[in-house]
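Novice: Residue-level listing of the chains:
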Amino acid sequence: MKIDTKDVLHIADLARLALTEEETALYTEQMCNILSYVDKLSALDTKDITASHQEASEGAALREDVVAPSLEGEKVLQNAPEKANKCFRVPRIIE
Amino acid sequence: MDLTSKTIAGLSEMLQKRELTSKEAAGLYLERIAALDPSINSYITVTTESALADAEKADKRLASGTDITPLTGVPISVKDIFCTEGLKTTCASRMLEGFIPPYDSTVIKKLKDAGAVILGKTNMDEFAMGSSTENSAFGSTLNPWAEDRVPGGSSGGSAASVAADLCAASIGTDTGGSIRQPASCCGVVGLKPTYGRVSRYGMIAFASSLDQAGPLTKDVKDAAIMLGLMAGRDNCDSTSIDASVPDYAGSLQDNIKGLRIGIPNEYFIEGMDKETEGLVREGIKTLKDAGAVIVDISLPHTEYAVSVYYLVATAEASSNLARYDGVKYGQRVDIGSGLIDMYKATRDAGFGAEVKRRIMLGTYALSSGYYDAYYKKATDVRALIKNDFDEAFKTCDVIATPTAPAPAFKIGERTSDPLTMYLSDIFTISCNLAGLPGISLPCGLTEAGLPTGLQIIGKFLGEQDVLNTAYAYEQARGPITQKPKL
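Just so you know, the protein sequences line up as chains E and G, in that order. Counting from 14, one number per residue, gives the positions in the first sequence under the numbering used here. Counting from 2, one number per residue, gives the positions in the second sequence under the numbering used here.
The set of hints was computed from the structure by calculation and includes no laboratory data. One should not assume that every hint holds.
Taking lysine to aspartate or glutamate pairs in the DMTMM-like style, the calculated list, with each CA pair at most 25 Å apart, reads [as the list claims (entries may be wrong)]:
id	chain 1	residue 1	chain 2	residue 2
1	E	Lys88	G	Glu86
2	G	Lys377	G	Glu355
3	E	Lys15	G	Asp373
4	E	Lys96	G	Asp335
5	G	Lys111	E	Glu85
6	E	Lys96	G	Asp326
7	E	Lys99	G	Glu86
8	E	Lys53	G	Asp326
9	E	Lys60	G	Glu392
10	G	Lys329	E	Glu108
Residues from chain G that keep clear of chain E, each with C-beta distances beyond 12 Å, as calculated [to be verified]:
id	residue
11	Gly28
12	Thr49
13	Val246
Please read these numbers as outputs of a predicted model, since none were measured by experiment. Where is the CB? At the ideal position from N, CA and C, for every residue including glycine.
Using the sequences provided together with the hints, build the complete structure.
Specialist: So, in structure tokens, the structure goes:
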């Protein structure tokens, strides 16, 4: 699988990462290497596999939807980089 | 024998007989940490004040003689991935520098309730991504056996702190080998339980379908003691298994006559370190001499495990790490040009190179047009890997393999080549993909004096079989007399 810097910049945008030029070049090369290594999976026939691992795994459980106390507001906000009026404060979104 | 080198069981006996107070024990470890940890950097944070307060509480409990567990008053370290109320938790990332969790993870709560004394938070690869602890934002941990070598990872600080007697025991997390591989590199016991055996609530997420917490200890009995106190259903983690927790330590026994141990030929590969192979084969012979029946088995999809892992784990990581956006906690870098740029600048400044690489890879594997070819394909092959184990366990009770293909490598040796680094996990990853329990046990030193690990893998919820096999090996092998020279 060949990917180029344009692909890498697109993925970085999806992942909300601002990459430097050096990082972009490095990741393009390294991701090419890793993706050509994992390409060996395409040689395997998997068309008969119906249940994914998650569906088949044990332990998943449903519970009644009951109201229970959650973390107090003060604690929720204690690590906020910026807060105001018991809310997380973020840069302006709508002009 | 130096008190700091004692096991949990050994210390607990002294504490209960009041030959030693918990405060004295904590003091001894804290002094040793102050003297020796600067040379190996196994702790990110030493929590002196709260440790002494925990110890005082434990001493009262020990004096009252009621509600005592084998961990009451015993000083331990914990990986800096577990949320600890009021104690900073960094996950070895600049992103979480200064983060003080408002609650305890379930595992920490259970250990505190048992009376454990937490000495501090141990070093690790950032967000548990790595096999060498070199990806920590707070400097590498050095291997106590050879300070030019890595301690393994990602729970390298935990493994090193146990090996260097800077705690009685530790807890780590294992997503693709992050407990077992460092245990192997540092010559300690490391147990990854069945997926869901231990609650993941409050354990900072890397890859949610693979992550599992477990103990790193000085011997097998201690691993059994710790697991018994950590395991169990938790309503805060819907993937935790609703099955009773056996008395692992009380049921420990070393009679393995007739136990069928499978040896997969795929785990003795060309290019693996010859000394490692020799020591592991000797370990298997020890088990055979103790009465086990050795069975040849095959796990034919082993060669695909690393590929599956680096698609599934990175995909889950890219999703899990989306939460670090500079809004709710952690670092924020606002360059004044709006919300999206704030996200990007924050994540660029907060994450290290390996974390970014994995987020990129995972985002790619999940992105439109590539999802079926990568993520879906990987989850399908994961099912094949799981089937391999189901087939193998029709003819054996447990499986024995090397933990890693070679002893600890030199610091800096693999940092420039991520793929070579990823291959360090080649023997541990399948266990996580299949959700099975696995333990790494010290099985001898190489001529250069580096520890080697023997891995025992069990069936779903087969921790007791794994522990008993490990215990039988440990009894037959005899005590380890060498210690790292610090």
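Novice: Taking the earlier hints as the rules, which of them does this structure contradict?
Specialist: Checked against the structure, the only hint that fails is number 8, while the rest are satisfied.
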